[in-house]
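Those protein sequence lines, which keep their order, are chains B and L. Just so we're aligned: the first sequence equals residues 20 to 142 in our numbering. Just so we're aligned: the second sequence equals residues 28 to 251 in our numbering.
Be a bit skeptical, because a hint or two may be false.
Said to hold, decoys possible - Calculated lysine-lysine pairs in the DSS-like style (CA-CA distance at most 25 angstroms, straight line):
id, chain 1, residue 1, chain 2, residue 2
1, B, Lys79, L, Lys108
2, B, Lys133, L, Lys80
3, B, Lys41, B, Lys133
4, L, Lys80, B, Lys68
5, B, Lys25, B, Lys68
6, L, Lys115, L, Lys224
7, L, Lys175, B, Lys133
8, L, Lys175, L, Lys147
9, L, Lys147, B, Lys134
10, L, Lys63, L, Lys175
11, L, Lys108, B, Lys51
12, L, Lys80, B, Lys79
13, L, Lys147, B, Lys111
14, L, Lys115, B, Lys76
15, B, Lys76, B, Lys25
16, L, Lys115, L, Lys71
17, B, Lys79, B, Lys68
18, L, Lys71, B, Lys76
19, B, Lys111, L, Lys108
20, L, Lys235, L, Lys246
21, B, Lys68, B, Lys133
22, B, Lys51, B, Lys41
23, B, Lys111, L, Lys115
24, B, Lys134, L, Lys80
25, B, Lys76, L, Lys108
26, B, Lys111, L, Lys80
27, B, Lys76, L, Lys80
Hints listed in this document are in silico derivations from the structure and should not be mistaken for laboratory results. All of these numbers come straight from a predicted model, not from anything done at the bench.
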Amino acid sequence: MKDIYKSIGDKMAELRNGFGGKGLTQEELAAKVGTTANTISRWEMAVYKPSAEELHKLAKIFGVSISVFFPDMLISAQQHALMSATGDLNNKDIQDLIEYAKFRKARSILTHAKKQRPKSKSK
Amino acid sequence: MQKNNGQNRNLSNTEHYDQARALARQKRLEFGIQTKDIKLPLLKKICKEEDVKVDLVENIGPRIRAAYFFDDDGASILLKKDLPQEPKLFALTHELKHHFLDRDDIADGKMQCGDYNANKVIEIAAEEFAAEFIYPILEMQHLINSMKISTGNCIPEQIVEIKRQIPATVSYIFVRKRLERFNLIAKGEFSNVQFQKLEEQMYPPLYKQDWFKRARARKNKMTR
Numbered sequence: 020m021k022d023i024y025k026s027i028g029d030k031m032a033e034l035r036n037g038f039g040g041k042g043l044t045q046e047e048l049a050a051k052v053g054t055t056a057n058t059i060s061r062w063e064m065a066v067y068k069p070s071a072e073e074l075h076k077l078a079k080i081f082g083v084s085i086s087v088f089f090p091d092m093l094i095s096a097q098q099h100a101l102m103s104a105t106g107d108l109n110n111k112d113i114q115d116l117i118e119y120a121k122f123r124k125a126r127s128i129l130t131h132a133k134k135q136r137p138k139s140k141s142k
Numbered sequence: 028m029q030k031n032n033g034q035n036r037n038l039s040n041t042e043h044y045d046q047a048r049a050l051a052r053q054k055r056l057e058f059g060i061q062t063k064d065i066k067l068p069l070l071k072k073i074c075k076e077e078d079v080k081v082d083l084v085e086n087i088g089p090r091i092r093a094a095y096f097f098d099d100d101g102a103s104i105l106l107k108k109d110l111p112q113e114p115k116l117f118a119l120t121h122e123l124k125h126h127f128l129d130r131d132d133i134a135d136g137k138m139q140c141g142d143y144n145a146n147k148v149i150e151i152a153a154e155e156f157a158a159e160f161i162y163p164i165l166e167m168q169h170l171i172n173s174m175k176i177s178t179g180n181c182i183p184e185q186i187v188e189i190k191r192q193i194p195a196t197v198s199y200i201f202v203r204k205r206l207e208r209f210n211l212i213a214k215g216e217f218s219n220v221q222f223q224k225l226e227e228q229m230y231p232p233l234y235k236q237d238w239f240k241r242a243r244a245r246k247n248k249m250t251r
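The shape of chain L in the complex, shown without the other chains (with noise of 0.2 angstroms):
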């Protein structure tokens, strides 16, 4: 396996996080990818030329959701098998850049597993890495151009409307974050909503709706 860039201590955090980004652009151009690609498939295919395993592991510990682990046996991660798709999805991109960029660092023992303060910077930048790969900023500011969407216009309603335009499998916690950092919505603002159940109003899926339900009553009752 090549020796990865490492990380660069003299930037300061914002350069940190630049990086990442810029790194999830190039990437992207790199293994040839679009928005509406970025699937777990593709993800763990990156992962297999890398020579990364993936294991999907059950019942682990309520608060982990990943890790990458890189030493003499390799690299691997484990990747809770119990997510939901899209922080599934997330966090084995976040792991990807840890294995991109900081995986020598790894390998020598400057970060160790848990040290969540120490590697703080490092973290940041992997969720920064993650959300440019799986929807580049500048694709979703041109979303929100097409919309009209402004300050003013940005109800929870409009935030559904938005996460159904988006092409790539993102949480309404990644539109928000996304919308604050527009300045679209304040810090933390439309964080009790409950964005699925929203949807589910405005969209009911098809196993919600009426006919579908009359129809099923229907099948049910020429089986039994």
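Bound-form chain B, shown alone (with noise of 0.2 angstroms):
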């Protein structure tokens, strides 16, 4: 099974690559990101470990699901959840009760990732 970093790097590089037609550099990305180039590179060749917060926040400035980085990532459509809402929920609302859940998949996956991979660094 490929390494899910190695995974997560190569869909990362792709998605910078690709931004906007003529795609980002690693400073550039940084800067939006709030980190290095140096962490961005880290994170594309997998040396460092993002986590599932620092994906939330790339999957946000490439405009795509945190899911992108798991494509094996599985999520019921009926999310087994109650809340506290003001009334009846709208699109915009579900949408984001469906990211949220596949954010803490994400979360999850990497945990139990990391557990099997511990000696690498989790930058």
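Both chains are given apart, each in its own frame, so use the hints to dock them into the complex.
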């Protein structure tokens, strides 16, 4: 099985190179994320392990769902959740909840992956 | 994670709400909580002890305040980051009730996200839990008695005084609902009153007081 961080790194590089049609440099992406180009490079090379929060931030910048970094992620259409809301939910509310469900799934996948690969850095 | 007691589906609605309030009192005792201590950091600490992750999320849909998720990936609560303090505290406590009482039904798929009508009793029970957990009815009853409040003198200014005496972090809506429960005001009475504004008129905050404005103007002049 392909290493999950390698797969995330490859996707990150693909999204960065295709961003807006002409792509972003690692420096440009780093500025948007609020990190260094070195970190971006190491995420892409799977030397550093991005957290679910960092992937969420990257997904927002690229305008995609966090699930693009996890091709095998399965999310049930009907979430097992309860909530306090001020009324019936609209499409935006439901989309936001689904995105959050994907985020927590991503966090869970990364937690398990980290346990299997304890020696590398988690920056 | 241990199995929770779950909902007893044979209970009447009233019994469900009584059960939720009793659970709130039990949890206060269990965690050794006093009303004045109930703030966001304390609730986050309880969540941590219960192995529930709390994620403060920005720019979330306008109608969502919070949501509780429970499945193979564990328990987590999405909490709208930009909520004011009182509703944020209330929403988080509301979700904690789902964790304590409803999580197995959620994991089994008996309750689905957004299905408000089907979950109405459970949601109202969570509101009852949150209200009792944050500020027990009995404590408020003692306060009301000590302030000698009766139906006749329960005017908006008096409600401001009550809120200022309450040691808990609660909203004016919370206070109004409690007063409705005590039959001190009619349902929906004073719903048009802007209590926050009224409180600022009665007790101007520091930055709105004349001496403070003058002192700030002097300071600004000196630093220019």
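A quick look at each hint next to the structure:
1. B:Lys79 - L:Lys108: holds, 17 angstroms
2. B:Lys133 - L:Lys80: Judged against 25 angstroms, a Cα distance of about 18 angstroms means the pair holds.
3. B:Lys41 - B:Lys133: violated, 33 angstroms
4. L:Lys80 - B:Lys68: Measuring from Cα to Cα gives roughly 21 angstroms; hence the hint holds.
5. B:Lys25 - B:Lys68: holds, 9 angstroms
6. L:Lys115 - L:Lys224: holds, 21 angstroms
7. L:Lys175 - B:Lys133: violated, 61 angstroms
8. L:Lys175 - L:Lys147: Answer violated: Lys175 of chain L to Lys147 of chain L is near 36 angstroms, above 25 angstroms.
9. L:Lys147 - B:Lys134: Given pair Lys147 of chain L, Lys134 of chain B is violated - Cα atoms ~40 angstroms apart, limit 25 angstroms.
10. L:Lys63 - L:Lys175: holds, 22 angstroms
11. L:Lys108 - B:Lys51: Satisfied, since the Cα-Cα distance of roughly 21 angstroms is no more than 25 angstroms.
12. L:Lys80 - B:Lys79: holds, 22 angstroms
13. L:Lys147 - B:Lys111: holds, 22 angstroms
14. L:Lys115 - B:Lys76: holds, 23 angstroms
15. B:Lys76 - B:Lys25: holds, 18 angstroms
16. L:Lys115 - L:Lys71: holds, 12 angstroms
17. B:Lys79 - B:Lys68: Holds: Lys79 of chain B and Lys68 of chain B sit about 18 angstroms apart, inside 25 angstroms.
18. L:Lys71 - B:Lys76: Within the cut-off at roughly 23 angstroms; holds.
19. B:Lys111 - L:Lys108: Roughly 17 angstroms between the alpha carbons, so the hint for Lys111 of chain B and Lys108 of chain L holds.
20. L:Lys235 - L:Lys246: Answer holds: Lys235 of chain L to Lys246 of chain L is near 16 angstroms, not above 25 angstroms.
21. B:Lys68 - B:Lys133: Holds, at about 8 angstroms.
22. B:Lys51 - B:Lys41: The given pair, whose Cα atoms are some 16 angstroms apart, holds under the 25 angstroms limit.
23. B:Lys111 - L:Lys115: With a Cα-Cα distance of about 20 angstroms, the restraint between Lys111 of chain B and Lys115 of chain L holds, given a limit of 25 angstroms.
24. B:Lys134 - L:Lys80: Roughly 19 angstroms separates the two Cα atoms, so the pair holds.
25. B:Lys76 - L:Lys108: Distance of about 16 angstroms is within 25 angstroms: holds.
26. B:Lys111 - L:Lys80: Given that 25 angstroms is the threshold and the Cα spacing comes to 23 angstroms, the pair holds.
27. B:Lys76 - L:Lys80: With a Cα-Cα distance of about 19 angstroms, the restraint between Lys76 of chain B and Lys80 of chain L holds, given a limit of 25 angstroms.
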